[in-house]
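Asks: Sequence:
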Amino acid sequence: MAKQAIDDGPAPVATDRARNEKTDRIEPSTVEHVDEADEPKLSKPATAFDVLTHTIHLQDDPTLSAITFRSMTIGLGLSVFGGVLSGIFYFKPQFVSIPAVFIAVVAFLLGEAMARLIPRRGALGRLLNPGPFNIKEHLAITIMANAASTSALGLEIVAAERLYYDRRFSGAITFFMLISSQCLGYGMAGMMRKTMVYPAAMLWPANLPINSMLERLHSRAPSNRKPFRVFLYVFLGIFFWEIIPQWICPLLTGVSVFCLANRKSLTFTNIFGGAEGNEGLGLFSICLDWQYISGGLSPLYFPVGSLISQGIGIAGCIILFTGVYYSNIWEAKKFPFLSQIIFSDSSTAGNPVQWNQTAAIGPDGKINMTAVDELGLPNFAASNVLNILLTNMCIAAAITHLILWYPVEIKAAFRFLSPRRMLASIKSVGGRLGLSSSPRAADSDESHSEAHYDPHYLLMQNYKECPDWWYGIVLVLSATVALVIIYTSKSTLPWWGLLVACLVGYCHLLVFGSMQGITGVSFTIQSIIQMIGGYMRPRFPISNMYFSLYSYNSLLQGTLLAKDLKLAQYGHLAPRTTFAMQMVGTVVGAGLNYVMANSIIDNQADILRSVQGTNIWSGAITQQFNAQAVTFGGFPHELFSVGGKYQWVPLATFLGFVVPLPFWYAHRRWPRLGLDLINTPVIMFYLCYLNLGINSSVMTFFMAGFFAQWYLRRNHPNIFVKYNYLVSAALDGGTSVMVFILSFAVLGAAKAAVAFPKYWGNPANGHIDYCYKTPSE
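Residue numbers (the working numbering): 329 to 1105.
Accuracy of the hints is not assured; some may be wrong.
To be verified - In silico PhoX-like cross-links for lysine-lysine, where the CA-CA straight-line distance does not exceed 25 Å: (1) Lys-592 <-> Lys-1086; (2) Lys-694 <-> Lys-973; (3) Lys-694 <-> Lys-818; (4) Lys-592 <-> Lys-661; (5) Lys-973 <-> Lys-661; (6) Lys-1101 <-> Lys-661; (7) Lys-1101 <-> Lys-592.
Hints in this document: simulated from the structure, not taken from any laboratory.
Work out the full structure, taking the sequences as your base and the hints as a guide.
Replies: Here it is in structure tokens:
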């Protein structure tokens, strides 16, 4: 049966090969031996198997060393770089992400420089510079630095408690809080490798451009000279182009013909605007800024099934948001069309008033209901209500969807809970400690070459596997440290609350980690997890923060680990090397995240508490997290239970469970209709996708995605498998480098912004797309 991540499923040859090679090793070969004449030409649309074996070749050289002086030096250096920047950017008004493709490009430049400049004479020279900079070193560096370059969500608690509760802990407690929350997710994901990494269905599309780029950068074959030139030209072209929409002509962020035709209509702004945050839905706007078109999630790598589901969701989102707002459901017109903050009952149309959460929180961090009686309950903008409601439906739909379409993978995720397997694992550990004569008993009941596994997984059998009990130890140690942290920090989260948080995180990781691996869509579900924590422990906002930390943060870190494990599988990096790189990067990144956050909070506390902040510092992320903790953790029954104003937010969950059923049944009844391309959880997620941010890029996103995945993949499959993901990497890499430079040079990431002179492409007043802007905005 075809899966949603692919057009027509893995080719039969993949299944046959897996069945016939359960015990055989694949002979090593190198990418350098590939020649264009040896590559088979595709006369049909590129299947998932074509993508996995042509875009990323089924060749490997196990003799290449990944752990070298170069890889450790560059890896640690980029980890420090990423850890410092991610800690700083957490408090910036203009967030600058550090995508893996950017890290990979910088690592290649540094690695090549060291290989050319360090002398190779003598034993020391050969140790420091063992030869040409190879792809295994490059991949190890990328994985280490990528693990360090993601802001730890524990910074939300560090900042919120310092800024709003006047609570400060020692550096040791804070550091172990960050480490435990991140490694908890790593342990969970490591135990799910057979579900989230090994199967071919778990494509993890975001990795394809990176792996394709690495192969082309390191290949010495003549057939790769042209692809390398293509990569270089696209990289340089987008690098210089980004100066225009980012600084010189911001109008290109969103060109709206409708707003240009009617500059006095707020309705036109709500529907057709979108070049600025929370401006509008961006219908029919054209964006020429790749930073916003891609946003780190390039449209060129999303499978066509995912794009179709996303498109259905976006169309429904525009209809739903507009209908609910102008029908004045939930008193929508009293509040902004798009907003994430909470509002007071005293708000009126055109004059929204923020809810005074400071007055409602007592000195002990609990909700003061006496003050709430005077203030009234908080209110959401209608778009925010829909966001939470549809997120609930998305979660339920994803569970049903995976059970219906991926029963084998789901069964594998919980196989470790089998008493027989648990006993075998204990014997395996005992064997390694000399207590048992059966060190490999844990693996005796299962083949490592199952038919549904990724063909690249077969190549990984040339390396020693990273045992499950390694990840089990990480999981147990992280949970133990977390248990100590919640009591030493006086989090008000009891031990059983931590246990529930871990279970919620594990189950959501299974569902949404798998969904991200299949579709490429990164689901954001923090609100529902905070709601669960609120019902479990009402009136305790701080408890809600820690529940979210050890549940949602673990989910995010788990998906990052699974994504990088798939990156390593595509690049054929030894599993134990991958484990070591991820652990080192995580420790370095978390430590530097804390150091930078601690310094910034000490020096910029007043600015971080202010509503607007400055052009240098902002506490917007912390403010939103704290507001959600207060709302979901403080008033779950009053706001969301039956009889409450937002009662349909949790009730909609039950509807979500049944949404995938009609499509699944119809596909079984009429398989030629193509209903297997419809992914209902993705539709639910994108039905509320436009609730925040810059939305003018949506139309251009789908135009680029369908051109690549529908037209190019079907009509020119050879061009698609050879250039599509390479071009995607070049676009993201060139954009990232220029945005990084501009952010520090002229956009105010490190100093006062340097504005480009005002003219028609950079208007002085109003929205940059010339949509109507009210005086209160």
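Asks: Where does the structure disagree with the numbered hints, that is, which hint numbers, in rising order?
Replies: Violated: none.
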